[in-house]
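Q: Starting from the known structure of chain A, arrange chains C, B and G on it as the hints suggest.
Number of protein chains: 4
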Amino acid sequence: MTVRFGLLGAGRIGKVHAKAVSGNADAVLVAVADAFPAAAEAIAGQYGCEVRTIEAIEAAGDIDAVVICTPTDTHADLIERFSRAGKAIFCEKPIDLDVGRVRACMKVVEETNGKLMVGFNRRFDPHFMAVRKAIDEGRIGEVEMVTITSRDPGAPPVDYIKRSGGIFRDMTIHDFDMARFLLGEEIASVFATAAVLVDPEIGKAGDYDSVSVILQTKSGRQAVISNSRRATYGYDQRIEVHGSKGMVSAENQRPVSIEVANGEGYTRPPLHDFFMTRYTEAYANEIAAFIAAIEKGATISPSGADGLAALALADAAVKSVEEKRQIPVA
Amino acid sequence: MTVRFGLLGAGRIGKVHAKAVSGNADAVLVAVADAFPAAAEAIAGQYGCEVRTIEAIEAAGDIDAVVICTPTDTHADLIERFSRAGKAIFCEKPIDLDVGRVRACMKVVEETNGKLMVGFNRRFDPHFMAVRKAIDEGRIGEVEMVTITSRDPGAPPVDYIKRSGGIFRDMTIHDFDMARFLLGEEIASVFATAAVLVDPEIGKAGDYDSVSVILQTKSGRQAVISNSRRATYGYDQRIEVHGSKGMVSAENQRPVSIEVANGEGYTRPPLHDFFMTRYTEAYANEIAAFIAAIEKGATISPSGADGLAALALADAAVKSVEEKRQIPVA
Amino acid sequence: MTVRFGLLGAGRIGKVHAKAVSGNADAVLVAVADAFPAAAEAIAGQYGCEVRTIEAIEAAGDIDAVVICTPTDTHADLIERFSRAGKAIFCEKPIDLDVGRVRACMKVVEETNGKLMVGFNRRFDPHFMAVRKAIDEGRIGEVEMVTITSRDPGAPPVDYIKRSGGIFRDMTIHDFDMARFLLGEEIASVFATAAVLVDPEIGKAGDYDSVSVILQTKSGRQAVISNSRRATYGYDQRIEVHGSKGMVSAENQRPVSIEVANGEGYTRPPLHDFFMTRYTEAYANEIAAFIAAIEKGATISPSGADGLAALALADAAVKSVEEKRQIPVA
Amino acid sequence: MTVRFGLLGAGRIGKVHAKAVSGNADAVLVAVADAFPAAAEAIAGQYGCEVRTIEAIEAAGDIDAVVICTPTDTHADLIERFSRAGKAIFCEKPIDLDVGRVRACMKVVEETNGKLMVGFNRRFDPHFMAVRKAIDEGRIGEVEMVTITSRDPGAPPVDYIKRSGGIFRDMTIHDFDMARFLLGEEIASVFATAAVLVDPEIGKAGDYDSVSVILQTKSGRQAVISNSRRATYGYDQRIEVHGSKGMVSAENQRPVSIEVANGEGYTRPPLHDFFMTRYTEAYANEIAAFIAAIEKGATISPSGADGLAALALADAAVKSVEEKRQIPVA
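Residue numbers (full-length UniProt numbering), protein chains in the order written: chain A, 1 to 330; chain C, 1 to 330; chain B, 1 to 330; chain G, 1 to 330.
Just chain A, with the same shape it has in the complex:
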């Protein structure tokens, strides 16, 4: 069976998913929609699909699933519409910046028996998957301490930041999900600190650019997250899980892994420049998992509930910074 896709949104992340869908032998990209016709046409030209309106994709008989890559504030509405239209839905994170709106949206998905997958791509990175597999196989015993380092090469434009919901909901949310993926137990409390060290404009926009977070589960397992909007050496993405019998870690990836030695020392090139190149395989695996779940009628993961849980942690982090205390989460 081939799953027939419509792509909603032809921007930066839309292109990533267009490539992943087109490269999958079990999928075909049928149509793309975007408010900017030129963006949609660029993808249509490259992958040989049609440009349609969102309404046309909604009504189409030749489309089984959609990938939602439109601006965040449209996600929840689109999920509801396409769930009602009976399409399987892959939606980029977050579903919405408001927990109440997410809950309402999930209710519609449930009532319409919808299939919804949320785009936490890192769960599908082969290295992070191997970390999780090592845990599942008992190679490190009981998980005790998780360390997540996540630094962007540079800050996004301040305009983007203003609409982003803030660093915790925009950037740390991936690390919240990764912590949940690795801790093996639900998180009970959040403590966060935050500062503006990279760019004062980010502070003027009401956001932070450098944050540290401690998450704790009921039994006392801890996860530490370190985020910065700046890393001169590339896109820094590391995880380490320490357990009762050992430790497992995934180091950074490089596009080219040579080493040059001279009187200055031994130098390896910088890391990948950003997520589009770092997570190429993850995006391909993610869409493959979505397709496999559709074909087998299997439970979809990560689900809307996973999206909601990560958002709740982000909300708690914001509150923790404001109130300078540990915030319990349900």
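It cannot be assumed that every hint is accurate.
Copies of the same chain look alike in the list, so a pair counts if it fits in one copy or across any two.
[Stated by the list, open to error] Pairs of lysine-lysine, DSS-like flavour, derived with a Cα cap of 30 Å:
id, residue 1, residue 2
1, Lys162, Lys245
2, Lys204, Lys218
3, Lys15, Lys319
4, Lys204, Lys93
5, Lys162, Lys133
6, Lys162, Lys93
7, Lys204, Lys245
8, Lys218, Lys162
No lab work stands behind these hints: they were computed from the structure.
A: Leaving out everything else, chains C, B and G in the frame of chain A:
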């Protein structure tokens, strides 16, 4: 412009090239031929191309280029036929196991104004390309000593070995080409030692499984090659170039790069299992370079002359083992 | 000039310092005292020094300096006595578990014009010193985020834990000092979480074995500390400092750095087994710095004030765990 | 028991051994002799020993063992004299540059029941010892291919080179010994290439600065050696042993192992600057092994026979370069 391909040979390496051609936006795989219809049909089914005879591909008006992946003893004949038919030719190494036959074949290519690229895939590996780039940029000064380690995870079947021309012409030939690629000067002499340490059956078939080679250029630059048909830890592929101002090296690649630590120590997973997975990017880049050369009418590299030069080094290595002395090469 | 030493306390850490003093060309170990004569005699036999009482060392005309390695609850008294006796004092951390007692002791040191160095050995590790040097040279720009991972191979006996002042004052105190050493700005607040994951007996003794800490400076710089009383792979001691222009890190050290590769992967041996072997060079450098400061009449660092500052951070961490909030520090 | 030492020769390597002897709890350095009184006095001052003549050390009743660090052309005579005087002898390599002279000297040692250890320090490096231990424990199965990379940071003065016996007898000799140490089987043939790539003055002095060697045992095991008199990145000392069940390797060592990351990439500092710092532990272990053998009356290793075997390989390498062929060794 899209280059239209015919694939000759649907075996293990044929599949690798079918994938590389199909994944290239500037190419289309039109037809595949193989003596075993089932093999051809498998590729046709997977990539949506036709099964044709070699003769039909030769005569086809809708095919611009062919990839020759048939058994070695057919390469030279096919190159001549398709060069006469006006198709651009990508041929897996070697052109032939006999230097005289290679020369005769190259004469035909020249007379028919043919375009011939020989499949030394490692030149297109992104890591080895970066090594060469570092040299070209002068980062290590003048090249002095090249070290190439190349070990297969396991030996091929003895039947294959009997037809292979021996380890120097079958396996080391890639390292001879890599040495030429990196030394920056033609090789003037070859010294080789060889032994049977892995499997006595290989010795009974008249071949070796463990060899060491020293190549020297006229000015005294040296390359050392270490080969084994066995490596329990995966497909071992390393190069190091030492120069007057520094050193550059490319380490092995892994499909998954996690590390597990416990009382036994720190363990990273084995290397790639073999060339199909290790050199995925190299095969894609190689076909892309072939296509680019066709489209731009540029000189093709590595050429038939490169194939011939590597074969001459292999012949010299065989002679060196037999005569226990350094063999000069033209 | 040769500095003549008396050693107070001949236990585990006393032996470490006896070796460091004896190996220093500018020092001589004259006498050792311990409540257990056998322990003192062992050191006297090995290094060719005398066994004396503490009182005799206090009164001795042939001793310029003492190294205090007795139990923690004697440190402050001994510092006061030997400061009054005009000896230069190197004291193992902590001066006392009570901030008030430390302040009183430091007052005596000040009044007697004493020379006091506190044993934060990690500041003298060559790798960590190189990290600090890279920061001082401006190689990473302004410090933004410090990450300290510090895990003991195994927990000490519960009896020790009961007298230790708890994990923050006994173990994390080294990391608090290292954070101060690296942040380049005084710490303004402490947040800590703590749990018992390793051994329930530790919990019964009123202590924790797994803790995470976030420190923040006034300008917003952050340090994250991850501690565990268990690490199956050896004594885990890493630091990483992220700045506006780059990052500098010091990896773990191994006594033997070979690698064995086979079908299971690539395995390096475990880390050093504990501080005595991991910090051999640090202990030697530390005593050398103490001697150099005595000889040059230079300011001693780390000083009693550094010991006090680290203890105040430990106290704040305890309070943070109890009150589940960020604790400001003066 | 304490072994009482005399040191013959107070130059660069003499200082290294003075430190090793003085740092050993079972040894005492009693006297030092050197043709340059100032050199001897420097060591005497630093380690608190006497300056004596060679004759006085020979006749001394308070000296059990000597360390010979004088110029190479005096080694054989001194070994004979001190063997007759009943002293245990540690002699820096080589015993002599002439195989016949070495044999004659060893005969005297044998006749006088002498104890002679030859200074192949690398056998005592903890990392290389661990490589050998891994082999002995069967972790890599049967040894098949050994790779030794050995590059000096810079060439010695041409005056030294003229007296050195040439690169094979001066520098490669250590690698010949290491190959013997690791191959587990005697070497049957030598092939060597050599060139002048670093400094034409070395060529004018009749020597080479860049050499590659292949050694082969009777059963076909191979060792490859790569030498250069130049390495801009420090003292390059690596070994790798490939066997039927796996591989074991020892990487280079660094005095400081930090890493700085920025837009240029990830940089680690250069290697140790030369053997005095790289092999500090090896020199200490070597003297400790010599002392232990004396105390236990055990067989001394590496012995004069090991020195002779390495020299014979060096002679064969010289001949191989001259005759461009593989040279059999007895």
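Q: A separate judgement is required for each hint: does it hold in the structure or not?
A: Comparing the hints with the structure gives:
1. For the identical chains of this complex, Lys162 and Lys245 are inter-copy neighbours only, at 25 Å across copies versus 44 Å inside a copy, given an alpha-carbon limit of 30 Å.
2. Taking CA atoms no more than 30 Å apart as the test, Lys204 paired with Lys218 passes between copies only; the shortest distance there is 18 Å, against 37 Å inside one copy.
3. In this assembly of identical chains, Lys15 and Lys319 lie within 30 Å of each other by CA distance neither inside one copy nor across copies; the values are 35 Å within and 50 Å between.
4. For a Cα distance limit of 30 Å, the shortest separation of Lys204 from Lys93 inside one copy, 25 Å, qualifies, whereas the shortest one across copies, 44 Å, does not.
5. In the homo-oligomer, the alpha carbons of Lys162 and Lys133 never lie at most 30 Å apart, since the shortest distance is 38 Å inside one protomer and 38 Å across protomers.
6. Within a single copy, Lys162 and Lys93 get their C-alpha atoms as close as 17 Å, which meets the 30 Å cut-off; across copies the closest is 48 Å, which misses it.
7. For the homomeric pair Lys204 and Lys245, the shortest alpha-carbon distance between copies (22 Å) is at most 30 Å, but the shortest distance inside one copy (46 Å) is not.
8. In this assembly of identical chains, the alpha carbons of Lys218 and Lys162 lie at most 30 Å apart only when taken from different copies (25 Å versus 34 Å within one copy).
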